[in-house]
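Residue numbers (my numbering), protein chains in the order written: chain A, 1 to 396; chain B, 1001 to 1253; chain C, 2001 to 2134.
In case anyone wonders, no lab produced these hints; they're calculated from the structure.
You may find that some hints are simply not true.
[As the list claims (entries may be wrong)] Quick list of in silico lysine-lysine cross-link-like pairs, DSSO-like style, CA-CA up to 30 Å:
1. C:Lys2119 / C:Lys2085
2. C:Lys2065 / B:Lys1130
3. B:Lys1130 / C:Lys2119
4. A:Lys221 / A:Lys4
5. B:Lys1044 / B:Lys1130
6. B:Lys1054 / B:Lys1098
7. B:Lys1010 / A:Lys153
8. A:Lys7 / B:Lys1010
9. A:Lys79 / A:Lys221
10. B:Lys1211 / B:Lys1044
11. B:Lys1200 / C:Lys2051
12. A:Lys7 / C:Lys2004
13. B:Lys1098 / B:Lys1211
14. A:Lys4 / C:Lys2005
15. A:Lys4 / C:Lys2004
16. B:Lys1211 / B:Lys1233
17. A:Lys7 / C:Lys2005
18. C:Lys2105 / B:Lys1200
19. A:Lys162 / A:Lys221
20. B:Lys1044 / B:Lys1054
21. A:Lys162 / B:Lys1010
22. C:Lys2105 / C:Lys2051
23. A:Lys162 / A:Lys231
24. B:Lys1098 / B:Lys1233
25. B:Lys1200 / B:Lys1054
26. C:Lys2119 / B:Lys1175
27. A:Lys4 / B:Lys1010
28. C:Lys2119 / C:Lys2051
29. B:Lys1079 / B:Lys1130
30. C:Lys2105 / B:Lys1175
31. B:Lys1200 / B:Lys1130
32. B:Lys1200 / C:Lys2085
33. B:Lys1200 / C:Lys2065
34. C:Lys2030 / C:Lys2105
35. A:Lys152 / B:Lys1010
36. A:Lys4 / A:Lys152
37. B:Lys1200 / C:Lys2050
38. C:Lys2051 / C:Lys2065
39. C:Lys2050 / C:Lys2119
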Amino acid sequence: MLEKALKGSRGYWIWIAFLLAVAAIGCFCYLQQLDYGLGITGMSRDVSWGLYIAQFTFLVGVAASAVMLVMPYYLHDYKAFGKITVMGEFLAVAAVIMCVLFIFVDLGQPSRVMNVLLHPSPTSILFWDMIVLSGYLIINMVTGWVVLSCTKKEIPPPGWVKPIIYISIPWAISIHTVTAFIYAGLPGRTFWLTAIMAPRFLASAFASGPALLIIFCLILKRFGRFDAGEKAIQALSRIVAYALAISIFFVLVELFTAFYSQIPEHTRHFQYLFAGLEGRHNLVPWMWTSAVLAFVALTMLLIPSIRRKEGWLAIACAFVFVSLWIEKGLGLVIPGFIPSPLETITEYFPTGTEVGITLGVWAVGLIILTLFYQIFVAVRSDIDGDSNRSGICERN
Amino acid sequence: MTTNRRDFLKIAGASALTLMTPAILRPSWAKEKMITPVSSLTAKRWAMAIDAAKCPPDCTDCITACHAVHNVPNFDNPKDEVKWIWTEPFAAAFPGEKHRYLANSLQQLRLPVFCNHCANPPCVRVCPTKATFQRRDGIIMMDYHRCIGCRLCMAACPYGARSMNYRDPRPFIAKINPDFPTRTKGVVEKCNFCEERLAKGMIPACVGACKQKALVFGDVENSRSDIWLLLDKRFNLRRRAHLGTAPQIYYIL
Amino acid sequence: MKNKKWGLIILGLGIFVVGVTFPIWYGTIKSTPAPVLSLDTPVINSMQNKKCVEDTAFMRANHMKMLNDWRDESVREGRRTYTAKDGQTFEKSLTGTCIQCHTNKEQFCDRCHNYVGAKPTCFSCHIVPREVKK
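Start from the sequences and build out the full structure, keeping to the hints where you can.
Structure representation (structure tokens):
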């Protein structure tokens, strides 16, 4: 099936070439970082995690969102998702690979990364994160590939793949819960020390991931000769709407606890985010943009007449994705460090090299995703093309 | 052809797993007997008491001594800064305790702050490689050989005691002490309670450098030690004690 | 199986075999002399009985593992004293024991390491006093 990725239109190859160029620039920037050290980024003694870990946190959520296709179809027989579960699984693979790459580029001593496996530390959540992410990667690679090759051969998938698919459902929840636990168990960081961290992560994951999937479905419909079906896309958009509403609600309850209790340890971080603290307000425009986009997107998704128009739906989903990317990336990782445990405010701004490496990793992920989706579309158009030709009604 | 490829992959996977097995089932070789040289200092739990009222204003003797002995670099910018010990005003060291009517003596205080060598350390809990670990005598150690530079310990430390080497530190060390290694870029470092000096029977560099004897170092679980007797007599506070980290630096206020 | 491309296949195989055995035959054409290690340091010259921690054959084969063991035992377990096969005790320290005698890293350590292409990262942290004083 891999050979199907080698056949494409001019637009396809231009897109791949563009991504390869961005990845090459990222590679060059990474070599600079290896030479100079992580000081080439904007990270400091006070803000010791930045853009890389922010991307990692966000992308674990996108990876987990595959469960929003798998669960309705395999557990509840929601036939409309039948054709696109593979899309979700491939998105999970690309997202997990990006997560692993972001962690790798964030390490000060990347050549020692195997120490995590050579000297396992079960008390460390990062250790468990490595395990569950690797497991999730393997699960989705196997299920996505097997199901797609069986679709290609028009035979039902083998029996052994079903238990793996069922396991992927709680496993998806676990990867994002474990990632939330990295933050939620640190006693010194009052911004993150909240039980709602894991539910917040899951809610924003289930909004941003399916939103991205809807955008991909619409792109494939326009450029890729593959139609996921209006029923599937509308069901996904309803999932996004609900998850977004819950995600916004979770942020609002966080704000309530902080500002009604008036405990400075809690309020100061939110003050920095939304109003600025002691004249420092780097993130304020970002957070308000995220808030406005979230509410606008929610309104658009809740109004059926807007949601049903694919143009508006695409815009709404883009708003959701950007809003949650800001909120979960910059708006979660950075303010954990501001103010510092000693009450100082050190702001963070990514450097050019840092952005270059980040874009390079995104490009690598998008290359993998493009190749997978090209194979998927080729397989599906063979199937759908065949059944159209022989006049058999397509079973949905 | 498809069947052959599948079989090949199965065989390759099985071979890889078989080759990995000896590493996983590595037998633990017999350990040599522990010989503690007679000269080294030992304790049940090392701790330090700081009588900050004794610190002269703007005195940095302890900082100079520590950073010189341990080859701590001076990057001269707050972004890349590496520091093992430094001073903070009372309000920063004890963030919950500051208020408008604080005694003037407390407002003027600059307290030395450094790693608290907690009895219940969150940094050790989160380290994915056990590069930072707790010794039996209470010292929180750093194994710079194993550290992968993930900085989870820096996020976990409630006291901001740890520094990351964001750059190669060697060019920024004014005078290298050949008796102690430097670190390399990409690892996290912090105060180590001078464990290398304790092993040779010497007290920590900061304690030795303090002319006012404001730093009292000793075994807090030994009721005959100086530190125990001092803490028994004077009111003392620990930083952010409500977090349950059980820090072992006691501030006499 | 009559294949018109046999000539190209043989040529490709030939290039592959030549390439993959490069390390084996290149040494016979262009020989780099084996490294000669210099023990000419003030400390070694002043020693009556010029003995290392262990004998030369052992050190040549095992100093890498020995240093790794020293690293873990002294840092992680606090066991800082090494008892050699002949009963003499040493402190487990690269700078404090080995480099005290072998002060000429460039004429000693580096010569073999460069020859075999080993790049130990020890010296990015562990100090060679002569290099530091420069």
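Results of checking the hints against the structure:
1. At roughly 28 Å between alpha-carbon atoms, lysine 2119 of chain C and lysine 2085 of chain C fall within 30 Å of each other, so this suggested pair holds.
2. Of the pairs offered as hints, the one joining lysine 2065 of chain C and lysine 1130 of chain B holds, with about 21 Å between alpha carbons and a cut-off of 30 Å not exceeded.
3. Restraint check: the Cα-Cα separation between lysine 1130 of chain B and lysine 2119 of chain C comes to about 25 Å, which is no more than 30 Å; the hinted pair holds.
4. Straight-line distance between C-alpha atoms of lysine 221 of chain A and lysine 4 of chain A comes to about 18 Å, which keeps the hinted pair within the 30 Å bound.
5. A hinted pair counts as satisfied when its Cα atoms are at most 30 Å apart, and lysine 1044 of chain B with lysine 1130 of chain B qualifies at roughly 21 Å.
6. About 21 Å separates the Cα atoms of lysine 1054 of chain B and lysine 1098 of chain B, which keeps this hinted pair within 30 Å; it holds.
7. Restraint check: the Cα-Cα separation between lysine 1010 of chain B and lysine 153 of chain A comes to about 21 Å, which is no more than 30 Å; the hinted pair holds.
8. A hinted pair counts as satisfied when its Cα atoms are at most 30 Å apart, and lysine 7 of chain A with lysine 1010 of chain B qualifies at roughly 29 Å.
9. Taking the CA atoms of lysine 79 of chain A and lysine 221 of chain A, the gap is about 19 Å. The hint holds against a cut of 30 Å.
10. The suggested pairing of lysine 1211 of chain B with lysine 1044 of chain B holds, with an alpha-carbon distance near 27 Å, which does not exceed 30 Å.
11. This hinted pair checks out: lysine 1200 of chain B and lysine 2051 of chain C have alpha carbons roughly 25 Å apart, not beyond 30 Å.
12. A distance of roughly 28 Å separates the Cα atoms of lysine 7 of chain A and lysine 2004 of chain C; the hinted pair therefore holds under the 30 Å criterion.
13. Pair hint lysine 1098 of chain B plus lysine 1211 of chain B holds up; C-alpha atoms about 29 Å apart against a cutoff of 30 Å.
14. About 26 Å separates the Cα atoms of lysine 4 of chain A and lysine 2005 of chain C, which keeps this hinted pair within 30 Å; it holds.
15. Taking the CA atoms of lysine 4 of chain A and lysine 2004 of chain C, the gap is about 28 Å. The hint holds against a cut of 30 Å.
16. Among the hinted pairs, lysine 1211 of chain B with lysine 1233 of chain B is consistent with the structure: their alpha-carbon atoms are about 22 Å apart, no more than 30 Å.
17. For the suggested pair lysine 7 of chain A and lysine 2005 of chain C, the alpha carbons sit about 26 Å apart, so the restraint of at most 30 Å is met.
18. Taking the CA atoms of lysine 2105 of chain C and lysine 1200 of chain B, the gap is near 27 Å; set against the 30 Å cutoff, the hint holds.
19. Between lysine 162 of chain A and lysine 221 of chain A, the direct Cα distance comes to roughly 29 Å. Compliance with the 30 Å bound is thereby established for this hinted pair.
20. The hinted pair formed by lysine 1044 of chain B and lysine 1054 of chain B meets the criterion: a straight-line CA distance of about 27 Å does not exceed 30 Å.
21. Proximity of lysine 162 of chain A to lysine 1010 of chain B is assessed by CA-CA distance (about 20 Å); at most 30 Å being required, the pair is judged to hold.
22. With a C-alpha separation of about 18 Å, the suggested pairing of lysine 2105 of chain C with lysine 2051 of chain C holds against the 30 Å cut-off.
23. Between lysine 162 of chain A and lysine 231 of chain A the CA atoms are separated by roughly 24 Å; this keeps the pair inside 30 Å, and the hint holds.
24. Restraint check: the Cα-Cα separation between lysine 1098 of chain B and lysine 1233 of chain B comes to about 24 Å, which is no more than 30 Å; the hinted pair holds.
25. Restraint check for lysine 1200 of chain B and lysine 1054 of chain B: satisfied, since their Cα atoms lie roughly 28 Å apart, inside the 30 Å limit.
26. As the CA atoms of lysine 2119 of chain C and lysine 1175 of chain B are separated by approximately 26 Å, the hinted pair is consistent with the 30 Å bound.
27. Of the pairs offered as hints, the one joining lysine 4 of chain A and lysine 1010 of chain B holds, with about 24 Å between alpha carbons and a cut-off of 30 Å not exceeded.
28. Restraint check for lysine 2119 of chain C and lysine 2051 of chain C: satisfied, since their Cα atoms lie roughly 26 Å apart, inside the 30 Å limit.
29. Between lysine 1079 of chain B and lysine 1130 of chain B the alpha-carbon distance is near 26 Å, which keeps this suggested pair within the 30 Å criterion.
30. Among the hinted pairs, lysine 2105 of chain C with lysine 1175 of chain B is consistent with the structure: their alpha-carbon atoms are about 21 Å apart, no more than 30 Å.
31. With a C-alpha separation of about 25 Å, the suggested pairing of lysine 1200 of chain B with lysine 1130 of chain B holds against the 30 Å cut-off.
32. Proposed proximity of lysine 1200 of chain B and lysine 2085 of chain C is supported: the alpha carbons are some 24 Å apart, at most 30 Å.
33. Between lysine 1200 of chain B and lysine 2065 of chain C the CA atoms are separated by roughly 26 Å; this keeps the pair inside 30 Å, and the hint holds.
34. Distance check on the hinted pair: lysine 2030 of chain C and lysine 2105 of chain C sit about 27 Å apart at the alpha-carbon level, within 30 Å; holds.
35. Between lysine 152 of chain A and lysine 1010 of chain B the CA atoms are separated by roughly 22 Å; this keeps the pair inside 30 Å, and the hint holds.
36. Among the hinted pairs, lysine 4 of chain A with lysine 152 of chain A is consistent with the structure: their alpha-carbon atoms are about 12 Å apart, no more than 30 Å.
37. A C-alpha spacing of about 27 Å is found between lysine 1200 of chain B and lysine 2050 of chain C, which places the hinted pair at or below 30 Å, so the restraint holds.
38. A threshold of 30 Å between alpha carbons decides the hint, and for lysine 2051 of chain C with lysine 2065 of chain C the separation of about 20 Å falls inside it, so the pair holds.
39. Pair hint lysine 2050 of chain C plus lysine 2119 of chain C holds up; C-alpha atoms about 28 Å apart against a cutoff of 30 Å.
Checked against the numbered hints above, the structure violates none of them.
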